[in-house]
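Asker: Chains as they are written, first to last, in the working numbering: chain A, 1 to 426; chain B, 427 to 715.
These are calculated hints, taken from the structure and not from any lab test. Careful, some of the hints might be misleading.
To be verified - Restraint-style ranges between C-beta atoms, simulated for each label pair:
no., chain 1, residue 1, chain 2, residue 2, range
1, A, Pro128, B, Glu498, 34 to 42 Å
2, B, Glu508, A, Leu125, 50 to 58 Å
3, B, Asp586, A, Glu385, 31 to 39 Å
4, A, Glu181, B, Ala491, 47 to 55 Å
5, A, Leu403, B, Asp587, 52 to 60 Å
6, A, Leu34, B, Arg505, 56 to 64 Å
7, A, Leu283, B, Asp512, 47 to 55 Å
Virtual Cβ for every residue (Gly too), placed ideally from N, Cα, C.
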Amino acid sequence: MSESTFGSYGGQYVPEALMPALEELEDAYERYVLENEDGFMDEFRERMRDFGGRPTPLQRADRLSERYDCEIYLKREDLVHGGAHKLNNALGQVLLAKYMGKERIIAETGAGQHGTATAMAAAHLDMPCEIYMGRTDVNRQRPNVYRMRMNGAEVNPVEAGRGTLKEAINETMRDWATTVETTHYVIGSVVGPHPFPKMVRDFQSVIGEEAREQIKERAGRLPDSVVACAGGGSNTMGTFHAFVPDCVDPRFADESSGRRPRDEDVDLYAVEAGGSSLEIDELEGVAPNSATLSTGTDGVLHGAMTKLLQSGEGQIMESHSVSAGLDYAGVGPELSHLVESGRVTPVNVDDEAALNAFHRLSRLEGIIPALESAHALGHVEEAHEDLGDLVVVNVSGRGDKDLETVLEETEKRDLEAAPDVEVFDS
Amino acid sequence: MSTDSEIERAIHENHPALITYLTAGDPSLEETKAYVEALDRGGADLIELGLPFSEPIAEGPTIQAAINRALEAGTTPERFFELVDDLEVEAPLLVMTYYNMILQYGSGAEPRPTESDATESRNRPDPEPFVERAAEAGLAGIIVPDLPAEEAGPLRTACDDHGLDLVFIVAPTTNGERLDRIMSRASGFAYVQARLGTTGARADVSSATHDSLARLEEYDVPKAVGFGVSEGEHAREIVEAGADGVIVGSALIDIVAESETPVADLEAKARELKGGAERGANAPEPEQP
């Protein structure tokens, strides 16, 4: 049996009814994913190539490189089928569910990218699929709601709380507790009870594996820094996993892969949503940010011990980000562990800086990034002098889904990088 | 077995036992006090009090709404314990809450408002202060719906140290080795989940109840059945199937939420449920096929 924790984080804090399903899933994960039983991983990789469009390019961003006077490379996960890295995990899990003989797929979604990826994977593999999505997110991510429906998935709006990802996860867990014998819950990030954080990371680790090989080929060496945005942390862990051993600290050196601690570290930056402020409104129970790694405290939510945005009494706070995909009060347990042990540096970027980065990349490079990824790019703008000469940034998704939000939020502000949005009204 | 368990004693002496659940603070802690006393008068043998948590993933809509009302009313762990301090009822009391609430009590973990102190170390969450306070308030046991036996080590130790029972839930999906593991760690009673899914009143007794009770027959721990029980007739059927007790929650919350005379109605409902359970115990042995 694989270890269920990362240091003091992780575990399996779920209702008893779900425990046998987690045992069954762990068994399937070990056999099919880790040991490639029945050629599962071969089929997964083939489908990721033919259906998913992998490998994605590692592109040199010429004008950003010029702007920051260093080499900036973009890992183009926005070019994965569906427009985000989410398909790596969704296809992996739906295929696994099929190998396990499950009959039905359920999933939760925040920004809608995971729901869309799951709906696509389910359609591709001919599995019935239901998606839970907070009412607020349904309203602010309408294009993705349409896409899910077009791929044949049912979309169930969740009215509870502020109607975001946290509430959608609660509702999906309730469905799963009722239907666990026939249904697989495709968790959308490296969160939840063991084995989800490990399994999702493994499906996503293709991002970092490709990027590591590609940067060596392009630049002849490993990067000084790798930057990725973190909500739950799936693109973060997917991007970082291959680079974690590239570190002089022997705790993180991966002896089994034959790699030795390097002379220089690859610094890993997890960029969280600073929202409008890092101050917390304790009275209202609201954090106007989603900066869990930077400001959270240890606790148990959605099946795992991890860092959380919570009150001193243990109530989970409502989080906020202009990016629906980062708007979550928890974070993956492995990421909490890597931050706690010093391997990953948590930083955060506020709504305004993310919006500026969104416009900047669109204008300078012809790439409209997801608002999630815009946070990672915002950090490069703010901290490029500390990132070294060679930087890899994961562009985890494309920004088409965010256009309505961006227009609305841009109109409220005086953004230096934004075009004149009034032309859209004429 | 553990004759020093106040809960087991209450179940044995009042067999078949009626176990009731209310969310503390719904709609206010003062009203909860009156409701608990009404259930006690009506014949409840054990009373579970829910300490509200913002993410109640094991609850259906009825209890979820009760939890929201209790949080709106400003129910905190400290006020919850003060309510328990004040209660004078015959039935032993249990607290039902989610693990994060137990871990954070007295941990001193305050949200950190700025990035500058992000690297400061702070206290690790620990269940002991909660259990210590629960024992001091006179609670007899703890039920944690999101804490399976595998993760329960630290809480089990704290409960043993302070003389509290830790009640585990047995689901329709629990089988084989896991069932042995849970039952070997259970104390007070085994909470037998009558059906898959979340809490909530239903119109009938699940057939899974009979299977679950049959699987548990050999274990020497009292068995109480919950999830979906709402009427005296359900209680009768469940006790007739071999349960030592019935657990009722959502049906009582419905009274709290809807009745104009909740105190009288809760007392009457408790009488109805207890009466049903007793009919089940007095029923003639079913004929062998």
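Asker: Hint by hint, note whether the structure agrees.
Answerer: Hints, one by one, checked against the model:
Against the hinted window of 34 to 42 Å, the Cβ-Cβ separation of A:Pro128 and B:Glu498 comes to about 38 Å, which satisfies the hint. The hinted window of 50 to 58 Å between B:Glu508 and A:Leu125 holds, with their beta carbons roughly 55 Å apart. Hint check: B:Asp586 to A:Glu385, Cβ distance near 56 Å, so the stated range 31 to 39 Å is violated. The hint said 47 to 55 Å for the Cβ distance between A:Glu181 and B:Ala491, and at roughly 28 Å that hint is violated.
Checked against the given bound of 52 to 60 Å, the beta carbons of A:Leu403 and B:Asp587, roughly 58 Å apart, stay inside it. Separated by about 48 Å at the C-beta atoms, A:Leu34 and B:Arg505 break the suggested range of 56 to 64 Å. A beta carbon spacing of about 26 Å between A:Leu283 and B:Asp512 contradicts the range 47 to 55 Å that was offered as a hint.
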